[in-house]
Amino acid sequence: MTDTLLVFAVVAFIGIATPGPTVLLALNNGARLGLRASLPGMAGAVLSDAVLIGAVALGLGALLAASEFWFSVVKWIGVAYLAYLGLRLCRSSGALTLPDEAAARTPSGRAVFLRSFLVALTNPKGYLFFSAFLPQFISTQAPQFPQYAALAAVFATIDLLVMLAYACAGAKAIRLF
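According to this note's numbering, numbering within the sequence shown proceeds without interruption in unit steps and concludes at 177.
Hints listed in this document are in silico derivations from the structure and should not be mistaken for laboratory results.
Just so you know, not all the hints are guaranteed correct.
[As the list claims (entries may be wrong)] Label pairs and their computed distance ranges (CB to CB):
1. G20 / A80: 15 to 21 Å
2. G20 / P143: 29 to 35 Å
3. Q144 / A165: 27 to 33 Å
4. L176 / S72: 38 to 44 Å
5. F177 / G54: 38 to 44 Å
6. S108 / G86: 32 to 38 Å
7. C168 / P107: 18 to 24 Å
The beta carbon of each residue, even a glycine, is placed where N, CA and C say it ideally should be.
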């Protein structure tokens, strides 16, 4: 299992480090809120990893892959949520504000957590990715729950480290400009 986890970790790192919605959200949170305030968003994304992997372990990923209707339902929920976030971004002033004004508008940790959690959870590609990716690392000769739990722990750890790197980059980049 150790060799399998190592291969899984390398492939997962490549997939995670490639910018997607949650990684870009971590970068944005780091730039807008700073590293410390972006941590709840990372926790939300990591929790969504666990939910997605659990859903795949229970067969939801196979259902989405087999059913065009349910895939479309999840896809359109994700589209609606991302459109809502985009609309909110477009409606924001976008003007530079003084630190006191910015502090008054800083979202709560709960809001940052929920935003990241929902962005990841409403992305149907996550379900399909895990449905296609995880079974390759699961042995049918051993109990599946511990294997899925180990893969989830490795994936979540790598995801957290990558998001930390992106949030740090965002926080540092904003200070440079």
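Margin query: Of the numbered hints stated earlier in the document, which are not met by this structure?
Written below: 6
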